[in-house]
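Quick mapping for you: the protein sequence lines, in order, are chains A and B. So the first sequence is numbered by my numbering: it starts at 1 and just counts up by one. So the second sequence is numbered by my numbering: it starts at 166 and just counts up by one.
Please note that a few of the clues may not be correct.
[Said to hold, decoys possible] Label-pair ranges, simulated between beta-carbon atoms: (1) B/S300 with A/F65: 48 to 56 Å; (2) B/F294 with A/L106: 34 to 42 Å; (3) B/L265 with A/G72: 43 to 51 Å; (4) B/G217 with A/D26: 36 to 44 Å; (5) A/G64 with B/N337: 51 to 59 Å; (6) B/H214 with A/K95: 34 to 42 Å; (7) A/F47 with B/F206: 50 to 58 Å; (8) B/T212 with A/K95: 44 to 52 Å; (9) B/S170 with A/L20: 36 to 44 Å; (10) B/F202 with A/I6: 38 to 46 Å.
[To be verified] Pulled from the structure, derived: some chain B residues nowhere near chain A, Cβ distances all over 12 Å: (11) L182; (12) C185; (13) P224; (14) N260; (15) K263; (16) L269; (17) M270; (18) K290; (19) Q312; (20) L313; (21) Q336.
These are computed hints drawn from the structure, not numbers from a lab. Heads up, the beta-carbon is just placed ideally off N, CA and C, and yes, glycines get one too.
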Amino acid sequence: MFNFFITFLLVLITLFALELWQPVQDALIIPWTNAVALMAGTLMQSFDHDVLVNKEMLHSAKTGFAVVIRAGCNGIEATIILIASMLAFPHAQIKQRLIGISVGFLTIQSLNILRIISLYYLGQWNKLLFEWAHLYVWEVLIMLDVLIVFLVWLRWISSKQLYVK
Amino acid sequence: MLNKSLLQFIFTVLLWLPVCFAIWFLTASIHSHLITFALSFSSEWTTLHQIGYTIEVIPRFSPSSYINLQLTVNPLLYGYGVPFLAALCFSSSGNWEKRLGVFLMGYFVILLPIQLFGSWISLWKTLIFDFNAPSFFKPEIIALFYQLSSLILPPVAPLVIWLWGFQDDWQNFDAKT
Chain A
1 MFNFFITFLL
11 VLITLFALEL
21 WQPVQDALII
31 PWTNAVALMA
41 GTLMQSFDHD
51 VLVNKEMLHS
61 AKTGFAVVIR
71 AGCNGIEATI
81 ILIASMLAFP
91 HAQIKQRLIG
101 ISVGFLTIQS
111 LNILRIISLY
121 YLGQWNKLLF
131 EWAHLYVWEV
141 LIMLDVLIVF
151 LVWLRWISSK
161 QLYVK
Chain B
166 MLNKSLLQFI
176 FTVLLWLPVC
186 FAIWFLTASI
196 HSHLITFALS
206 FSSEWTTLHQ
216 IGYTIEVIPR
226 FSPSSYINLQ
236 LTVNPLLYGY
246 GVPFLAALCF
256 SSSGNWEKRL
266 GVFLMGYFVI
276 LLPIQLFGSW
286 ISLWKTLIFD
296 FNAPSFFKPE
306 IIALFYQLSS
316 LILPPVAPLV
326 IWLWGFQDDW
336 QNFDAKT
């Protein structure tokens, strides 16, 4: 298990450094952040016609309240942590890792869109609760999601009898 | 071999989380006091005052020159892993001695230093980028460490501590549940 933790930390730091690299930011991270805002905004517009989307910003035509999706809010860091854990885990086939990463990515991003929508409405209702949910509670819930995906993935590998302890 | 189901574990974590968050927030000023105390040794360039759980910082760019400026550092931004780790540990199997032991060890050895590091880097990032304070480190290094201390370390640390401390749990969740 020691090797797992060391590999996990090395992959994590590498992916995180890659994420901060400006060409990756320009080609991948910023477009993805805008896409997350667009997806959340489009979803909200289906039941709330006051929602307006402008690049990474969602704002309300009715109240003027706005949220901006920034680094740390786009689900990329949580995805990086999940990828690092699945790549570092020793007893899995490449196909299983790819399936795990794909399903995990979808799960994290789905929860992140739910997070953005909830924060958008929470912010218009109560600023203190918004701050609390934004800075602390949702951060933990997203990481709990990462952990659950990882544990379910481990269980799936185990059920396939390909994971040898 | 433990036979605790994954579903049961997740449910227990979700029950513990609000309790741990409440206790953490109610004791936030105590956590911040430790950070304030440690930060006070880190630099001769600042004067620190704790107000509630936030730390008010008055920068001083030379021993004799104060400027009329006050910065606020919120150590809780780098410490939300504390209630998370507590919820994970308290939901795990094993006796309470082990659960509390892993939590306390993780808090004092890893989470508290991470909180201190995050607060320290946050302070220096503001001083260097906004006020051109002199620094031994290049601004790019400070920016990188700031991103690391705010985006990666606080969420990853509790997971790593729990995965390390409760290996029997996560390697043996019942596959049938």
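Each hint tested on the structure:
Distance hint check: the CB atoms of B/S300 and A/F65 are about 37 Å apart, inconsistent with the given range 48 to 56 Å. Checked against the hint of 34 to 42 Å, the pair B/F294 and A/L106 passes, with Cβ atoms roughly 36 Å apart. The given range of 43 to 51 Å is broken by B/L265 and A/G72, whose C-beta atoms sit roughly 31 Å from each other. At roughly 40 Å, the beta-carbon separation of B/G217 and A/D26 lies within the given 36 to 44 Å, and the hint holds.
Between A/G64 and B/N337 the C-beta distance comes to about 53 Å, which sits within the given range of 51 to 59 Å. About 57 Å separates the C-beta atoms of B/H214 and A/K95, a value inconsistent with the hinted range of 34 to 42 Å. For the hinted restraint 50 to 58 Å between A/F47 and B/F206, the CB-CB distance of approximately 53 Å keeps it satisfied. With their beta carbons about 58 Å apart, B/T212 and A/K95 fall outside the hinted range of 44 to 52 Å.
Checking the proposed 36 to 44 Å range against B/S170 and A/L20 shows it holds: the Cβ atoms sit about 39 Å from each other. As the Cβ distance of B/F202 to A/I6 is approximately 33 Å, the hint placing it in 38 to 46 Å is violated. Separation of B/L182 from chain A is inadequate, the least Cβ-Cβ distance of about 7 Å not exceeding the 12 Å criterion. Taking the minimum C-beta to C-beta distance to chain A, about 9 Å, the non-interface status of B/C185 is violated against the 12 Å cut.
Distance to chain A confirms B/P224 as a non-interface residue, since its nearest Cβ pair spans about 24 Å, more than 12 Å. Its beta-carbon lying about 22 Å from the closest one in chain A, B/N260 satisfies the requirement of being farther than 12 Å from that chain. B/K263, annotated as away from the interface, keeps every beta carbon of chain A farther than 12 Å; the closest lies near 17 Å. A cut-off of 12 Å between C-beta atoms confirms that B/L269 is not in contact with chain A; the least separation is 19 Å.
At the 12 Å boundary, the C-beta of B/M270 stays outside the reach of chain A, the nearest C-beta of that chain being 16 Å off. Interface exclusion of B/K290 from chain A stands, the closest Cβ pair being 14 Å apart, more than 12 Å. Distance check for B/Q312 against chain A: the nearest CB is about 6 Å away, which does not clear 12 Å, and the non-interface claim fails. Not every CB of chain A is more than 12 Å from the CB of B/L313 (nearest about 7 Å), against its label as outside the interface.
The claim that B/Q336 lies off the interface is violated: its Cβ sits roughly 6 Å from the closest Cβ of chain A, which falls inside the 12 Å cut-off.
Hint violations for this structure: numbers 1, 3, 6, 8, 10, 11, 12, 19, 20 and 21, all remaining hints satisfied.
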